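Student: From first to last, the protein sequence lines are chains R and F. Mapping to the UniProt record's numbering: the first sequence position 129 is 129, numbers consecutive. Mapping to the UniProt record's numbering: the second sequence position 67 is 67, numbers consecutive.
Hints listed in this document are in silico derivations from the structure and should not be mistaken for laboratory results. If you're wondering where the values come from, they're calculated on a predicted model, not measured in any experiment. Built from N, CA and C at the ideal position, the CB exists for glycine as well. Keep in mind that the hints are not guaranteed to be accurate.
Within a straight-line C-alpha distance of at most 16 Å, the following computed EDC-like cross-link-like pairs (lysine to aspartate or glutamate) qualify [what the hints assert, rightly or not]:
1. R:K76 x R:D105
2. R:K277 x R:D231
3. R:K118 x R:E73
4. R:K6 x F:E13
5. R:K4 x F:E13
6. R:K280 x R:E229
Simulated restraints on C-beta separations [what the hints assert, rightly or not]:
7. F:L244 x R:F10: 51 to 57 Å
8. F:A56 x R:F10: 46 to 52 Å
9. R:A233 x F:L101: 33 to 39 Å
10. F:L285 x R:E313: 52 to 58 Å
11. R:K185 x F:L101: 34 to 40 Å
12. R:M5 x F:V96: 25 to 31 Å
13. F:L101 x R:T264: 24 to 30 Å
14. F:G166 x R:G23: 45 to 51 Å
15. F:L285 x R:M5: 52 to 58 Å
16. F:I284 x R:L17: 40 to 46 Å
17. F:R259 x R:M5: 36 to 42 Å
18. F:A111 x R:D183: 54 to 60 Å
19. R:D150 x F:Y81: 53 to 59 Å
20. R:T258 x F:V96: 56 to 62 Å
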Amino acid sequence: MSLKMKNISFIIGMLLLFFVLWGTGSLAEAPEGFTGFGQETDISPDDSELVFSYFHGDDSALYTVPVDGGKAELVKKPAEGKSYSNPTFSPDGDQIAFIEKWKTDERRYYQLRIFNRKRQTIEQRINADGYVTEAAFSPNGQSLYFLKADVFKSYSSITGARPHEFDIFRMDLTSGETEQLTDKKAYTMSSLEVTSDGKQLMYRTSQKSADQLVVRSIDSNHGKTIVPEGDFASDSRIISSPALSPDGKQMAFTSVATKDENGTFIYEAFKMDMETKQAKQMTSFYEHVTNPVFFHNQDKLIVTVDNNFAGGEPDNSYWQVSMDSEERHRVSIEMPKEKGQ
Amino acid sequence: MNRLKKHVQKMLEQTQSANGEREELWEELLNHLEEAKQHYMDEGLTEKQAEKRAIAEFGNSNSAGHQLQEAMYPYQRGLLYVMGIGTILFGVLYFVNAAFLQHDPIPVWLAIQFFTGSLITLAAINISFAGRYFYLLHLALFANVIWNGINLLTIQGSQWQIIIFGIYALLLVGMGIVAIIRNSYFSSNLIDNKQQKHGLVLTSYIVNLLFGIAVVCVSLFFLWAYFFAMGRSLFALLTVTPILIWIIIYKFQMGYIARKPLISMMTGFGFSVLSIAVPLSVLILIPGRWL
Numbered sequence: 001m002s003l004k005m006k007n008i009s010f011i012i013g014m015l016l017l018f019f020v021l022w023g024t025g026s027l028a029e030a031p032e033g034f035t036g037f038g039q040e041t042d043i044s045p046d047d048s049e050l051v052f053s054y055f056h057g058d059d060s061a062l063y064t065v066p067v068d069g070g071k072a073e074l075v076k077k078p079a080e081g082k083s084y085s086n087p088t089f090s091p092d093g094d095q096i097a098f099i100e101k102w103k104t105d106e107r108r109y110y111q112l113r114i115f116n117r118k119r120q121t122i123e124q125r126i127n128a129d130g131y132v133t134e135a136a137f138s139p140n141g142q143s144l145y146f147l148k149a150d151v152f153k154s155y156s157s158i159t160g161a162r163p164h165e166f167d168i169f170r171m172d173l174t175s176g177e178t179e180q181l182t183d184k185k186a187y188t189m190s191s192l193e194v195t196s197d198g199k200q201l202m203y204r205t206s207q208k209s210a211d212q213l214v215v216r217s218i219d220s221n222h223g224k225t226i227v228p229e230g231d232f233a234s235d236s237r238i239i240s241s242p243a244l245s246p247d248g249k250q251m252a253f254t255s256v257a258t259k260d261e262n263g264t265f266i267y268e269a270f271k272m273d274m275e276t277k278q279a280k281q282m283t284s285f286y287e288h289v290t291n292p293v294f295f296h297n298q299d300k301l302i303v304t305v306d307n308n309f310a311g312g313e314p315d316n317s318y319w320q321v322s323m324d325s326e327e328r329h330r331v332s333i334e335m336p337k338e339k340g341q
Numbered sequence: 001m002n003r004l005k006k007h008v009q010k011m012l013e014q015t016q017s018a019n020g021e022r023e024e025l026w027e028e029l030l031n032h033l034e035e036a037k038q039h040y041m042d043e044g045l046t047e048k049q050a051e052k053r054a055i056a057e058f059g060n061s062n063s064a065g066h067q068l069q070e071a072m073y074p075y076q077r078g079l080l081y082v083m084g085i086g087t088i089l090f091g092v093l094y095f096v097n098a099a100f101l102q103h104d105p106i107p108v109w110l111a112i113q114f115f116t117g118s119l120i121t122l123a124a125i126n127i128s129f130a131g132r133y134f135y136l137l138h139l140a141l142f143a144n145v146i147w148n149g150i151n152l153l154t155i156q157g158s159q160w161q162i163i164i165f166g167i168y169a170l171l172l173v174g175m176g177i178v179a180i181i182r183n184s185y186f187s188s189n190l191i192d193n194k195q196q197k198h199g200l201v202l203t204s205y206i207v208n209l210l211f212g213i214a215v216v217c218v219s220l221f222f223l224w225a226y227f228f229a230m231g232r233s234l235f236a237l238l239t240v241t242p243i244l245i246w247i248i249i250y251k252f253q254m255g256y257i258a259r260k261p262l263i264s265m266m267t268g269f270g271f272s273v274l275s276i277a278v279p280l281s282v283l284i285l286i287p288g289r290w291l
């Protein structure tokens with residue numbers, strides 16, 4: 001082959017290779033993202049509906065379904081690239097508070113929203129400069145308590161970036177005024193609940209890598225720490241997604257019950273007597289159980305079970321569990337078809 | 001052009017020699033062939049038969065040219081091939097990785113990667129042209145080293161992807177620097193046979209190129225700092241002018257190093273400092289553009 005032919009062949013070959021790679025690269029589809037049920041749920045005050053978030057391509061919308069299962073109904077779908085999560089019913093069931101999450105090149109946003117079911121509108125009562133992660137209505141429905149973090153960053157290479165420096169805030173739903181109730185800048189804070197008498201707040205936080213539950217008076221700074229006693233399989237104390245029973249006498253939470261053959265923690269739901277602090281395992285799914293939510297007028301609760309905890313993406317399902325642990329059944333949900341499918 | 005001249009020309013297409021050296025080789029090889037031709041004509045062959053015989057005895061022009069190249073510039077052409085094809089292969093692997101694992105392929109990046117890799121590969125294919133224009137080969141090598149250096153600093157992915165592609169890019173940068181030093185040294189076309197002088201010249205090239213690497217690093221640091229502090233602007237191009245100034249000065253330094261290796265280390269240092277100082281003073285003096 002002459003030198004001229006060698007040059008021409010090489011240049012044509014390179015151009016072809018470039019265009020083939022360019023075409024192949026543009027055909028390589030972006031990841032579809034996670035599709036499935038979210039972790040957090042809430043039960044309506046009349047125990048008829050379950051509200052949950054459902055992810056489709058990493059964006060989650062809010063749906064409701066009858067607590068015994070059936071066809072899900074779309075509550076509200078966010079704009080593309082945004083997600084609705086952590087729904088909470090108001091005491092009259094007319095409103096659902098939730099968190100709208102999205103991110104830009106610069107930062108992430110976690111904003112508190114309230115969906116009015118009668119008007120079918122979303123209200124933005126505050127424009128928080130930090131990261132609102134969850135909210136809880138007062139029993140009289142006049143206030144909304146919420147957790148807000150100041151920063152979204154990574155303090156540890158294991159956990160990755162997440163909200164930190166939490167405090168509790170209260171918003172008067174009539175006037176819209178917001179006040180800060182704590183000044184803790186806590187590393188973590190979650191599972192905020194208001195006791196049925198409306199006088200105390202309960203939340204989960206951590207100290208020296210051990211989880212703890214705090215019950216504090218709303219009007220004073222007085223608070224006490226609750227440490228459940230029970231047969232847990234983890235060395236450090238893990239108390240996940242605690243929830244108070246409607247009568248305030250019991251608490252449900254999830255913790256490590258055992259480990260599987262690979263050493264992965266198996267989380268089960270526990271119930272604890274608020275007086276004796278004695279915790280007793282109440283589920284035996286041998287999967288990852290999270291987020292217990294009490295029914296308001298029945299002696300049972302709904303938990304979220306993740307069948308793919310050790311895998312990359314969760315595979316959540318919702319289960320009704322009786323408080324005496326004797327009955328359980330899956331809330332089977334038929335999702336409505338997406339438009340255009 | 002007669003058959004003998006064509007044969008010599010084909011041979012010389014495979015060698016990197018600069019113009020002066022090429023003319024000498026041309027004369028020498030042609031004389032050799034002419035003598036052989038004369039010898040066979042004296043033995044009774046016709047002119048045509050004698051030419052064919054002389055050429056056959058001399059060997060295939062391609063392989064003889066390759067042997068000549070390897071004898072005069074050992075491994076230099078191979079190094080260019082490895083660098084060029086290595087750069088192209090890096091482009092293919094990283095682009096496929098970016099497309100299918102990170103879902104963020106950048107075609108413009110691939111185009112630049114292919115362009116720098118292709119330039120070096122074309123230089124290896126057209127080694128005779130590269131030999132006549134040592135400085136152009138220098139520019140192609142500089143561009144390749146700087147680009148692979150930028151790649152090295154901006155690799156994205158998991159820890160293992162960063163380690164594997166990082167080692168790959170580091171090898172390419174290393175090979176590029178060796179190729180530039182060797183190319184500079186070969187371009188000096190030293191006739192002096194003193195081993196000591198050769199060593200000094202080689203050292204001077206290495207020292208001058210280290211200054212060049214420092215200039216490139218400082219410029220790219222200022223470019224990054226400018227983007228970080230001031231955002232994208234045409235004035236940012238001023239931060240890379242030290243590289244351009246240094247490359248232009250190096251064209252004249254190349255010859256000077258061969259003649260005055262010791263002094264040129266000092267002039268190289270001076271020019272390197274100047275190439276950074278001048279554009280940065282301009283940048284600082286423009287009100288509101290910096291600091």
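Student: Against each hint, give a clear statement of whether it holds in the structure.
Tutor: Okay, the hints, checked on the actual structure:
| no. | hint | in the structure |
| --- | --- | --- |
| 1 | R:K76 x R:D105 | 25 Å, violated |
| 2 | R:K277 x R:D231 | 12 Å, holds |
| 3 | R:K118 x R:E73 | 15 Å, holds |
| 4 | R:K6 x F:E13 | 13 Å, holds |
| 5 | R:K4 x F:E13 | 12 Å, holds |
| 6 | R:K280 x R:E229 | 9 Å, holds |
| 7 | F:L244 x R:F10: 51 to 57 Å | 28 Å, violated |
| 8 | F:A56 x R:F10: 46 to 52 Å | 31 Å, violated |
| 9 | R:A233 x F:L101: 33 to 39 Å | 36 Å, holds |
| 10 | F:L285 x R:E313: 52 to 58 Å | 56 Å, holds |
| 11 | R:K185 x F:L101: 34 to 40 Å | 38 Å, holds |
| 12 | R:M5 x F:V96: 25 to 31 Å | 29 Å, holds |
| 13 | F:L101 x R:T264: 24 to 30 Å | 26 Å, holds |
| 14 | F:G166 x R:G23: 45 to 51 Å | 28 Å, violated |
| 15 | F:L285 x R:M5: 52 to 58 Å | 54 Å, holds |
| 16 | F:I284 x R:L17: 40 to 46 Å | 45 Å, holds |
| 17 | F:R259 x R:M5: 36 to 42 Å | 41 Å, holds |
| 18 | F:A111 x R:D183: 54 to 60 Å | 55 Å, holds |
| 19 | R:D150 x F:Y81: 53 to 59 Å | 57 Å, holds |
| 20 | R:T258 x F:V96: 56 to 62 Å | 43 Å, violated |
Taken one by one, the earlier hints fail for this structure at numbers 1, 7, 8, 14, 20, listed in ascending order.
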